[in-house]
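Trainee: Sequence:
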Amino acid sequence: MAKKGILLVNLGTPDSPEVKDVRKYLDQFLMDERVIDIPKLNRTLLVKGIIVPFRSPKTSKLYKKIWNEKGSPLLYYSEQQAKMLQDRLGSEYQVELAMRYQSPSIEGALENLKKGLVSSIKVIPLFPQYASASTGSVLQLVMELLSKWPTIPPVSFVNSFHDNDLMLEIFADNARKHGVENYDHVLFSFHGLPQRQMTKSDHTGKYCLKVNNCCENYNNANKFCYSAQCHNTAKLLAEKLELSRENYSVCYQSRLGKEPWIQPYTTDVLKKLAADGKKRLLVFSPAFVADCLETIYEITVEYNEEFKELGGEHVQLVESLNTDARFIEVLAEMSI
2 MAKKGILLVN LGTPDSPEVK DVRKYLDQFL MDERVIDIPK LNRTLLVKGI IVPFRSPKTS
62 KLYKKIWNEK GSPLLYYSEQ QAKMLQDRLG SEYQVELAMR YQSPSIEGAL ENLKKGLVSS
122 IKVIPLFPQY ASASTGSVLQ LVMELLSKWP TIPPVSFVNS FHDNDLMLEI FADNARKHGV
182 ENYDHVLFSF HGLPQRQMTK SDHTGKYCLK VNNCCENYNN ANKFCYSAQC HNTAKLLAEK
242 LELSRENYSV CYQSRLGKEP WIQPYTTDVL KKLAADGKKR LLVFSPAFVA DCLETIYEIT
302 VEYNEEFKEL GGEHVQLVES LNTDARFIEV LAEMSI
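2 is the number of the first residue of the sequence shown in this note's numbering; add one for each residue after it.
Keep in mind that the hints were calculated from the coordinates and are not lab data.
Don't take every hint at face value.
[As the list claims (entries may be wrong)] Pairwise CB distance ranges (calculated):
{"hint": "1", "residue 1": "ASN69", "residue 2": "LEU46", "range": "21 to 27 Å"}
{"hint": "2", "residue 1": "LYS71", "residue 2": "ILE39", "range": "32 to 38 Å"}
{"hint": "3", "residue 1": "ALA326", "residue 2": "LYS224", "range": "49 to 55 Å"}
{"hint": "4", "residue 1": "GLU314", "residue 2": "LEU118", "range": "20 to 26 Å"}
{"hint": "5", "residue 1": "LYS71", "residue 2": "ASN213", "range": "42 to 48 Å"}
{"hint": "6", "residue 1": "THR268", "residue 2": "GLY72", "range": "39 to 45 Å"}
{"hint": "7", "residue 1": "PRO155", "residue 2": "GLU307", "range": "46 to 52 Å"}
{"hint": "8", "residue 1": "ASP185", "residue 2": "THR205", "range": "37 to 43 Å"}
{"hint": "9", "residue 1": "LEU257", "residue 2": "LYS66", "range": "28 to 34 Å"}
{"hint": "10", "residue 1": "GLU112", "residue 2": "LYS211", "range": "32 to 38 Å"}
{"hint": "11", "residue 1": "LYS66", "residue 2": "GLU93", "range": "51 to 57 Å"}
{"hint": "12", "residue 1": "PHE158", "residue 2": "LYS21", "range": "31 to 37 Å"}
{"hint": "13", "residue 1": "GLU112", "residue 2": "THR324", "range": "24 to 30 Å"}
{"hint": "14", "residue 1": "ALA326", "residue 2": "LEU118", "range": "28 to 34 Å"}
Model, not experiment: these values are computed from the prediction.
Don't be surprised by glycine CBs; every beta carbon is placed ideally from N, CA and C.
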């Protein structure tokens, strides 16, 4: 009996924290037309002429702070998730892991599935909320690569799982371990994106940034909007933790450049909360299914230091899904 193929795809990580490998990673990542969605000539000048040369040494130093004996945390957790899923699904399935940028490559993973003579392929981008720059980029590349195959097996895609109840319960349980009641405020800090990418996701042309609080109510008009899915994730998590609306905030981190990104920015929210006398913050980052640079360093170190300088006392990260066996059940349900 032919196996069914499962392709898990996460964003990516440098092969090492050294500058040369970080440079390769950033170059491939930022040259993606869905990540920096401007004309190719402008993107090339910006990325290869300014961002990569200046950012690579700084980013290398940050990666060196989180790299450990297992290597890149994102790659390690992703590899463990793929192995655990293979064990969970058994011999009727072939699970492959790929990164959108760098190694292991999507092309190599698809070739492994072809060699395995799989009867079908299901692609699961490991991003709970859909964004053109993440999920969309993965799906586009997979389709481009498969289009070159002489015979293409049945292919299906998981678009998003931002409202998956079991996934939300894992995040909620991770927060409960820290004692939610011991914190003055809860932040749901998602990875940021340019506002223009949200506008492009509005197929009506009449909703995004034209309706008050357009992202706060998840509906048919904004069902493909990353920010709307983020707000929905936060709302559902807040309900599980019985948080009133005034006790949590939705914000966006990891901003790049000077143009408007989705707001409010996490740094601005930290300033406001400190000014309001908040001392202890519990911070989720539910755009990630595995802890990585943006969680381990940006939140745990940078935002913690920033908040203390503003008069706060502590920022506590809520751990991601990582190797929780229940998340493997989430993946298994999506695989079958």
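Trainee: Evaluate each hint against the coordinates.
Mentor: Structure-based check of each hint:
Between ASN69 and LEU46 the beta carbons are some 36 Å apart, a value that contradicts the proposed interval 21 to 27 Å. Taken as a hint, the range 32 to 38 Å holds for the pair LYS71 and ILE39, whose Cβ atoms sit roughly 37 Å apart. For the pair ALA326 and LYS224, the beta carbons lie near 30 Å from each other, so the given range of 49 to 55 Å is not met. Checked against the hint of 20 to 26 Å, the C-beta distance between GLU314 and LEU118 comes to roughly 58 Å, which is inconsistent with it.
Checked against the given bound of 42 to 48 Å, the beta carbons of LYS71 and ASN213, roughly 47 Å apart, stay inside it. Under the hint 39 to 45 Å, the C-beta atoms of THR268 and GLY72, about 30 Å apart, miss the expected range. Roughly 49 Å separates the CB atoms of PRO155 and GLU307, a value that falls within the hinted 46 to 52 Å. Our hint of 37 to 43 Å for ASP185 and THR205 holds, since their Cβ atoms are close to 39 Å apart.
Look at LEU257 against LYS66: about 20 Å separates their beta carbons, and that is not inside 28 to 34 Å. In this structure, GLU112 and LYS211 break the distance hint of 32 to 38 Å, their C-beta atoms being roughly 45 Å apart. At roughly 42 Å, the beta-carbon separation of LYS66 and GLU93 lies outside the given 51 to 57 Å, and the hint is violated. For PHE158 paired with LYS21, a C-beta distance near 34 Å keeps the hint of 31 to 37 Å intact.
With their beta carbons about 27 Å apart, GLU112 and THR324 fall inside the hinted range of 24 to 30 Å. Judged by the Cβ atoms, the range 28 to 34 Å given for ALA326 and LEU118 holds: they are separated by roughly 30 Å.
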